[in-house]
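Trainee: Sequence:
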Amino acid sequence: MVFKLTRTVYHAWSKLTPRVLLADGMRRRSFDAGRKLSSNCCHLDCSSAKRIVDKYDTILLDCDGVIWGTDHVSRMDKVNEALYKLRQHGKQLLFVTNNSLHSTNTFFDKFVQYGFDINHDEIFCINSAAAFYLKSVLGVKKSVYVIGSEAMGTELQNLKIDHFGIGPEPDSTSRKIDDLLDMHFRDDVEAVLVGFDEYLCYNKLYKASSYLQDPDCHFIVTSDVEMGTKIGLNRYRPSVGAVVGAVSAAAHPRKYTVVGKPSSFLYKFIKLKFPELNLNKILTIGDSLKSDIKFAKNIGSDSALVLSGASDMQTLLNTPDGDKPNYYFQNLALFAEVL
Numbered sequence: 003m004v005f006k007l008t009r010t011v012y013h014a015w016s017k018l019t020p021r022v023l024l025a026d027g028m029r030r031r032s033f034d035a036g037r038k039l040s041s042n043c044c045h046l047d048c049s050s051a052k053r054i055v056d057k058y059d060t061i062l063l064d065c066d067g068v069i070w071g072t073d074h075v076s077r078m079d080k081v082n083e084a085l086y087k088l089r090q091h092g093k094q095l096l097f098v099t100n101n102s103l104h105s106t107n108t109f110f111d112k113f114v115q116y117g118f119d120i121n122h123d124e125i126f127c128i129n130s131a132a133a134f135y136l137k138s139v140l141g142v143k144k145s146v147y148v149i150g151s152e153a154m155g156t157e158l159q160n161l162k163i164d165h166f167g168i169g170p171e172p173d174s175t176s177r178k179i180d181d182l183l184d185m186h187f188r189d190d191v192e193a194v195l196v197g198f199d200e201y202l203c204y205n206k207l208y209k210a211s212s213y214l215q216d217p218d219c220h221f222i223v224t225s226d227v228e229m230g231t232k233i234g235l236n237r238y239r240p241s242v243g244a245v246v247g248a249v250s251a252a253a254h255p256r257k258y259t260v261v262g263k264p265s266s267f268l269y270k271f272i273k274l275k276f277p278e279l280n281l282n283k284i285l286t287i288g289d290s291l292k293s294d295i296k297f298a299k300n301i302g303s304d305s306a307l308v309l310s311g312a313s314d315m316q317t318l319l320n321t322p323d324g325d326k327p328n329y330y331f332q333n334l335a336l337f338a339e340v341l
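FYI, in my numbering the residues of the sequence shown are 3 to 341.
Read the hints as simulated data drawn from the structure, not as lab findings. Here the structure is a predicted model, which means the values were calculated and not measured. Glycine is no exception: its CB is placed at the ideal position from the N, C-alpha and C atoms. It is possible that some hints are incorrect.
Unchecked claim - Label pairs and their calculated CB-CB ranges:
{"id": "1", "residue 1": "K270", "residue 2": "P240", "range": "28 to 34 Å"}
{"id": "2", "residue 1": "Q316", "residue 2": "K275", "range": "33 to 39 Å"}
{"id": "3", "residue 1": "P240", "residue 2": "R177", "range": "20 to 26 Å"}
The whole structure should be built from the sequences, with the hints applied where relevant.
Mentor: Below, the structure written as structure tokens:
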């Protein structure tokens, strides 16, 4: 289910003001306990959840739509208690997010603000992973043109990666050839990095696609599956996938590399900090079939879909069996009740 924001909640979101969301994501649904959607996709209920969870040592948790609402603000009922009980049962909890609006530090501050007991090194933020990919995998030594958030810039700065482009576009918009040719371009750009950018405009598309005319310039994106969120009646807020789609179309035929979910790179990034992880003992929990569940399938872990965020029951029913998770349940409050 896509969480519907009121105007009040939307403004609260921008200030990171906590609100309370019912554990079931606003609407009650009933499920047939133990119902199987396919031979390998089972509904978790109070009688089966503990037995299933006992099979795993590590749980990879998405954040938006799982820990809090898809509006990034609303609290999910009993999530804090659920996480506490999972830890009490010896589970290692790692939080893995595609949200490119925050840095690792601001995510940590948000967890603390919401009263969660969490360690800084348990948070795996896509902006941090993207910066690491540029620095350590690609070996970028010059500059990066960024279409993204200030948080993305923070993570690049942490690794001392020279970058520019964040924030409002400084050049006046024009479609005149002479004006476009007169715009300043740097000659040291090794990569174009794209995430969510509320300042996306024609000039940024022009500059990104121009830098990408160089075949040696890397084209990196945080994610391309989150297209947008319904925020009210007849109101739809585009997300990072829409931004990436616009840049990709402008830069055609250049192909990009995704570093966030569902790419398996994010798991490799996690393994650098926790090399002892065993895929056979990992359960990935998320609210998105396209992002979280596909990520689990790409890395080879078991997966569980919560119906408190991006994917609802009808979407799950319409999903091919091979793309379904191992388990599905309403929300994390289940673990608060059964553990």
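Trainee: Hint compliance check: list the failing hint numbers for this structure, sorted ascending.
Mentor: none
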